[in-house]
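J.: Chain residues, written in single-letter form:
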Amino acid sequence: EDQVTQSPEALRLQEGESSSLNCSYTVSGLRGLFWYRQDPGKGPEFLFTLYSAGEEKEKERLKATLTKKESFLHITAPKPEDSATYLCAVPVDYKLSFGAGTTVTVRA
Amino acid sequence: NAGVTQTPKFRVLKTGQSMTLLCAQDMNHEYMYWYRQDPGMGLRLIHYSVGEGTTAKGEVPDGYNVSRLKKQNFLLGLESAAPSQTSVYFCASSPTGDYGYTFGSGTRLTVV
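These protein sequence lines map, in sequence, to chains A and X. Position 38 of the first sequence, counting from 1, maps to 38 under the numbering used here, and the rest follow consecutively. To convert, count from 1 in the second sequence and add 108; that's the numbering used here.
Keep in mind the hints are simulated off the structure, nothing from the lab. Keep in mind the model is a prediction, meaning the values are calculated, not measured.
Covered by chain A, according to a simulated footprint, are these stretches of chain X (three or more residues, beta-carbon under 8 Å):
{"id": "1", "segment": "149 to 163"}
{"id": "2", "segment": "204 to 215"}
Straight-line C-alpha distance at most 27 Å; calculated DSS-like pairs for lysine-lysine:
{"id": "3", "chain 1": "A", "residue 1": "Lys42", "chain 2": "A", "residue 2": "Lys79"}
{"id": "4", "chain 1": "A", "residue 1": "Lys59", "chain 2": "A", "residue 2": "Lys69"}
{"id": "5", "chain 1": "A", "residue 1": "Lys42", "chain 2": "X", "residue 2": "Lys178"}
{"id": "6", "chain 1": "A", "residue 1": "Lys63", "chain 2": "A", "residue 2": "Lys42"}
{"id": "7", "chain 1": "X", "residue 1": "Lys179", "chain 2": "A", "residue 2": "Lys42"}
{"id": "8", "chain 1": "X", "residue 1": "Lys117", "chain 2": "X", "residue 2": "Lys179"}
{"id": "9", "chain 1": "X", "residue 1": "Lys117", "chain 2": "X", "residue 2": "Lys178"}
{"id": "10", "chain 1": "A", "residue 1": "Lys79", "chain 2": "A", "residue 2": "Lys59"}
{"id": "11", "chain 1": "X", "residue 1": "Lys122", "chain 2": "A", "residue 2": "Lys42"}
{"id": "12", "chain 1": "A", "residue 1": "Lys42", "chain 2": "X", "residue 2": "Lys165"}
{"id": "13", "chain 1": "X", "residue 1": "Lys117", "chain 2": "A", "residue 2": "Lys42"}
{"id": "14", "chain 1": "A", "residue 1": "Lys57", "chain 2": "A", "residue 2": "Lys69"}
{"id": "15", "chain 1": "X", "residue 1": "Lys178", "chain 2": "X", "residue 2": "Lys165"}
{"id": "16", "chain 1": "A", "residue 1": "Lys57", "chain 2": "A", "residue 2": "Lys79"}
{"id": "17", "chain 1": "A", "residue 1": "Lys59", "chain 2": "A", "residue 2": "Lys42"}
The beta carbon of each residue, even a glycine, is placed where N, CA and C say it ideally should be.
Between the sequences and the hints, there should be enough to build the whole structure, so can you do that?
T.: Printed below as a string of C-alpha cells:
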C-alpha cells in the first residue's frame, strides 16, 4: 500500500539551531514529492517539488533532498518565522497523498 | 488574485443539519479535490474530480456528496451533519493531478 510517513511529529528548536525533517515514502513509480508549509489557520503553501533521487532544492533557510526511499527538509539557522507545520506529499493516481506533518517551533 | 476560494470560512452546525461548502478556482484547472484535516492525521482526501461533470470517492467519502457542474466550482455537501465531521476542510485544484496543486484557505466546521 502506498504510504507517506513523516518524523518527528514535533520539533522544538532554538533560533539558529539547524535540524532536519524526514519524509519516507513507499510509492511505486514516484511522480514527484512535494513539500508544503502550513501556518495555523491557513491552507498549505507550496515549497518544493523533487522528482529524482539526488535532486536538491533550496529556498532561503530550507533545503529539500530526495533519495529513493525518503526526503529530508533541512532547516539551516532557523528563525522564529520558520515556525510552521511542514507537510510532504506524493501524487498517487492523480491525487496527493499526505504525511501527517511535522510541527516546527523555533524559539527566539 | 488568482487562486482557490472557499466559502464559508467558519460554520457551526447542529447534528442532523445540512450544508454545502463551495470551492471556486480561476486557474482553469481540470482537477479539483476536497480534503479534511484533523489533528495528528494530516490531510485526508474526501472526494475529487478529474473534470467538469465527474466525481470520484477518496479515502474518507462516507457522509459527504460532491458535484462539479461547472469546471471552476466544486461543491461539498453534508446531508446530515455528525459531530465526527467537525474538522477543517480544504479544497485544492491542479492542472493535471501530478503537479501545481493550489489550496484554499480552509473552512472550519464545528458540528455540535
